[in-house]
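So the protein sequences, as listed, match chains Z and Y. Taking our numbering, the leading residue of the first sequence gets 1, the next gets one more, and so forth. Taking our numbering, the leading residue of the second sequence gets 1001, the next gets one more, and so forth.
A couple of the hints might just be wrong.
[To be verified] Below are the DSS-like pairs computed for lysine-lysine, each with C-alpha atoms no more than 30 Å apart in a straight line: (1) Y:1086 to Z:129; (2) Y:1086 to Z:23; (3) Y:1086 to Z:22; (4) Y:1086 to Z:15; (5) Z:129 to Z:146.
In case anyone wonders, no lab produced these hints; they're calculated from the structure.
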Amino acid sequence: MYEQKQFQDKIITAKSVSKVYKKNFRSIHALEDLSFEVFSNQILGILGPNGAGKTTLLKILTGIIPKGRFTGDISIFNTEDTNSIKHKIGFLPESPEFFKNITASELLDFALRISGNLSNTKTVDDMLKHVNLFHERNEKIKNFSKGMRQRIGIAQAIIHSPELLILDEPMSGLDPQGRRMVIDLIHNYSTEGKTILFSTHDLDDIEALCTHVLVLVKGKILLQKSLNELRANSSFLIETESNEGKSIYKAENSTAFWEHMYKIRKESNRIIRVQSGITEQLEQYYREENEVGEGKNEERRKHDEKA
Amino acid sequence: MKKLKPSRILVLSTLLTRELIRDKVFLSLSGAAVLLVFASLILNEMVVGIQVKATKDLGLSVMNFFSLFIPIFLGINLVSGNLNNKSLYVIFAKPVTRTQYLLGCFFSVLLAVACGILVITLTIFFLSFLQGQTWIAGLLAAAYLTLLEMTLILSFAIFFALITSPQLAMFLTLLTYIIGHTLQQAVLIVHSSSNFVLKYIIIICNTILPNLEFLNKKQEIIYRLPISFSYYFNATLYTLSYSVLIFIFCVFLSRRKEL
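Assemble the whole structure, with the sequences as input and the hints as a guide.
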């Protein structure tokens, strides 16, 4: 699906970004020496367990953590002044919270006007219809369910048509219909040439949506690759059905995969299921890191005991 | 000024004012204030010959007392509450700086205070009209001076909300209000005192905290004594310069605040 995409313009450049939180006279390293680049048209999935630093990274990118509160350099749309390009960014926080006495249409009107656009009832109504909240437009947000809040959160993030969309765990709290909506939104936005960053715990979301993946563990980048690179190194399971019955073929690499797909098409067999090994690869990265991490912890404990 | 972008502050203030005036606390406070002003009708049954004076006296006290609760409850909750939950993520991810947000908070609470004062002013005017007296100039003067006083209290409320917990901020703001009103008398008392420690504490308080009694002209207004134009000018200048100074501290503190 993404093979034809061109990732040309540099949208984000991060160089040696670190963030330390001070809590009860203790320093917590949320991010350590992160360097990466994001190009236009990419869908970058930021994957990592709880406490990996995903939200901190997104807060830095959106300017919620301002310059001076972290070390390193962040350049977005070729400028280090995040404030000047915020109108080009849309952000959905994790489990978004809003002012409790504001209605859905007032929030969207605010989101539109604060980004420098003129107030436009049609745009607000269209967006409310798009996220299926038109009938609740005059309802106070405090009365919304979790899924509805997530949808109004998405609406306020995209109403001003941002060039860069940043979503912090956009699927959390959504029912299958809501998930479908987010998936469609990400696909549609990507086809318009916009850049999307989203964080998730879910490996399947990464495989289904992303062009690139960045795995964060304990504030460090463990892996940064395109999905095509991952696909090239992964095996594939292809389940097909013909007149003779069902059969499963395991392709060891992408070349073997495409050769077999050609054969299937030639023989007019029906494909039932294609499963790539990307998820397994990512899971393996996780496992290895945890094992290494535990080993390091063990060494540190022994060292402390000796001391 | 160009960097502050007044249009953005206006958009933000509109949103925050809507949030405040729909708050149950604001509606309850305004309702209670109106009821208390109407209670002067009962008081009038107990006094003879000074019914209008009693209405004015009680009305202006209610105006001052209830206006105080708006910056204390709503102002502190708006700043402190939102800093501690995630509703500010949505705001700060948009083209809004922390200074713009604080200014938005400041103007929206001030507008809510003005709305509260307007409701009480109209109630007092209505009651005094019922008692056969039209009282406009004095009432407007009292409303204006209350607004100035609450501007000062609001800047202190925001300052305390940024440095401490909401409960402690409410207590400290209330303490500032009380000290601000008693400081003038305390200075006069310690002037002749031999206790140096007390003397210095009062001098320090007098230097740091605002003299709120300077903005209290209730007696002059009720007894229709003349108040010079220069007084209003000085009172406005005093309030503005004090509030701007405190606000600069607030901006500095908010930049250091971790979200």
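Outcome of the hint check:
Restraint check for residue 1086 of chain Y and residue 129 of chain Z: satisfied, since their Cα atoms lie roughly 26 Å apart, inside the 30 Å limit. Annotation: proposed proximity of residue 1086 of chain Y to residue 23 of chain Z holds, straight-line Cα distance about 19 Å (limit 30 Å). The straight-line distance between the Cα atoms of residue 1086 of chain Y and residue 22 of chain Z is roughly 19 Å, inside the 30 Å bound, and the hint therefore holds. Note on residue 1086 of chain Y and residue 15 of chain Z: the hinted pairing holds, with a Cα-Cα distance of about 27 Å set against a maximum of 30 Å.
Between the alpha carbons of residue 129 of chain Z and residue 146 of chain Z the distance comes to roughly 18 Å, so the proposed pair stays at or under 30 Å and holds.
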